[in-house]
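Participant: In the order they appear, the protein sequences are chains A and B. So for the first sequence, numbering that gives the first Met the number 0 puts the first residue at 0; every next one is plus one. So for the second sequence, numbering that gives the first Met the number 0 puts the first residue at 0; every next one is plus one.
Since the hints were made in silico from the structure, they are not lab data. Note that the structure is a prediction, hence the values are computed from the model and not measured. Check each hint, because a few of them may be wrong.
To be verified - Straight-line alpha carbon distances no greater than 20 Å define the calculated DMTMM-like cross-link-like pairs of lysine to aspartate or glutamate that follow: (1) B:292 <-> B:114; (2) B:71 <-> B:116; (3) B:285 <-> B:255; (4) B:232 <-> A:53; (5) B:232 <-> B:255; (6) B:169 <-> A:314; (7) B:120 <-> B:99; (8) B:211 <-> A:53; (9) B:237 <-> A:53; (10) B:65 <-> B:48; (11) B:103 <-> B:289; (12) B:58 <-> B:45.
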Amino acid sequence: MSQAQTTSTRSSSLGATLGAIGRHRVVWPLAALALLFIVDFIISPSFFNIRIVEGRLFGSLIDIPYRAAPTALVALGMAVVIGTKGIDLSVGSIVAIGGAVITWRIHAGDPHLLILFIALAVGLLCGLWNGFLVAALDIQPIIATLILMVSGRGIGLMINLLYGGTDPSFTSPLLQGLSTGHIGYIPTRLLVFVFIFALLWTLLRRTALGLFLESVGGNTAAAYLTGINARMVIFSAYVISGLMASSAGVILTADTHTSDPISVALNIELDAILAVVIGGASLGGGRIYLGMTILGALVIQSLTTTILTSGMPPEYNLVVKAVVVVVVLLLQSSNFRSLTLSILARRKR
Amino acid sequence: MHLVKLLSGAAVGAALLVAGSPAMAVTIGFSQVGDEGDWRPAWSKDMQEEAKKEGIDLKYADAQGKEEEQIKAVRAFIAQKVDAIIIAPVVVTGWDAVLDEAKKAGIPVFLADRDVDVKDKSLFVTRISADFNLEGRLAGAWTAQATKGQANVVEEQGTVGAAPAIERKKGFEAVTANFPDIKIVKTQSGDFTTDGGKKVMEAFIKSTDNLKGINVSFAHNDNMQLGAIQAMKEAGLKPGHDVLMVSVDYVPAMKEALAAGDANASVELRSAIGKYIYPVVLQYLKDKKELPKWVKIPSDLHTAATPLD
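Model the full structure from these sequences, guided by the hints.
Facilitator: Shown next, in the form of structure tokens:
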């Protein structure tokens, strides 16, 4: 019996290895990324050119992480919330409120370093609000965060009115430096991203918080019975998401140095959720994949950059995006893969 | 002494009677969409100021972006027996019933800004609005003249499917089609936002090797162009010099960009349009003469050389 097993293993060892690789969750998003790059290379071979322009690295390949950074920050916060079986729809509104507050305080003449902390405090406050609704009042996360999602952009507009709102653009060497500046050849926002990621990773993986979050998301009742304060853990997830969204808000607001509450970070919650899902997490909670979420954000941004450089009529943008996303998600679905394999196998016979 | 005062008082009274008698103060109901963006509130304010100048008793209703609020407001105007109703429609459809009520009450309805879709076009007198297509044609004509008909254009479109985006593109192309050496090399949607315009221009810069051979950037609104200007500066390019920048709206930030030489031309989307709307309404009330179904408000093009106002 053991001999038979060995032979069968040996005969299909190649298939097994491929299967094992296929099962690893990092493979499919990477394959999608590679596929997009191949398409880019066919469309425009100069896609991979990297030069130094204005003292920093410059090229489409730099644009992808550069543009993905804010979405990835939001997505990391979203990954934490989704890990607790929740969802945070208000992230785009938090960005909008943060942007309005930054512009308002700059016009009021506050020191810019203080404004940076005020902006983060605004995100913290929004996170506290969401966490209060979900953890303390037991409101369904999708409804609880919908409240801020719907009202947040209006709050942003009202803040703009505080200083007249006629000229909501500003200049700030500090904030713009964080967003569009560069240290050495490297865009500052990438360094900011790495720094925040390291903080979050340490918080989740070097303390018990990550484990608590995942166990609460996996089975709240069981987690509670093992002595985890489930409410506090869920509460903290929304606070983290609020903070991540507001740090993305600083980058996005300083990028165009204007306050545009209506359209800034529009639909970013959808991209963030998508990044988490492409990263292999289930909306059912219980798992937080930080690195994979970044990969998810990179896939989405590569897709956007590809569409923008392709010269395709803009009417097709959203359809193409949807098709690629469906393909990536199908590739990730083990049910779909085994179904295709079995159909192929039947054909061969 | 007393007599003089009395007489003069009587004279003033008589004069008032004479002046007021032909029409009395005209009462107009104006139903506005809401107060989103910069342009619409500015327009609402202008409508109220111009009404005062014309001696019109304006009843203003803000629909807060809601169709049902707007229909309620129009019904209220009908009940108050106003002399005319001006509607800036929230939506295109669903107007037949309420416009029919206005017609039966003998109150003429004028549309401002957006159009409506009704079976019976006689339900409204005319639509008074800017011509997006003309804005595109003006931008195209400026491009043709400034480049002497030799242009490789990158275009930042507005939101896909939006009327201003469709018409500005058509208008621009209608003019530039007359010049064989004007080509639109790249075109993408920047969703009418600064952020969108910046991202699109960043991609254009990469896909055209730093805008090699490109000499015009046409944006369907100023916000996208302002984003494009930022993207070009970050890539070490000189907007306004290396590439001519033409867009639509003439917002305050664009005035500054024009003055700084970062942009070259902007077609104005006027918000002070009360002075074009009221005369049409008042004239119609006087002579009831049939009007074409669209009265166009003229557009204006500002360049860096145009003095700031």
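Participant: Hints first: check each against the structure and report whether it holds.
Facilitator: Each hint tested on the structure:
1. B:292 <-> B:114: Within the cut-off at roughly 10 Å; holds.
2. B:71 <-> B:116: 19 Å, holds
3. B:285 <-> B:255: 43 Å, violated
4. B:232 <-> A:53: Answer holds: residue 232 of chain B to residue 53 of chain A is near 9 Å, not above 20 Å.
5. B:232 <-> B:255: 16 Å, holds
6. B:169 <-> A:314: 15 Å, holds
7. B:120 <-> B:99: 11 Å, holds
8. B:211 <-> A:53: 17 Å, holds
9. B:237 <-> A:53: 12 Å, holds
10. B:65 <-> B:48: 25 Å, violated
11. B:103 <-> B:289: 18 Å, holds
12. B:58 <-> B:45: 14 Å, holds
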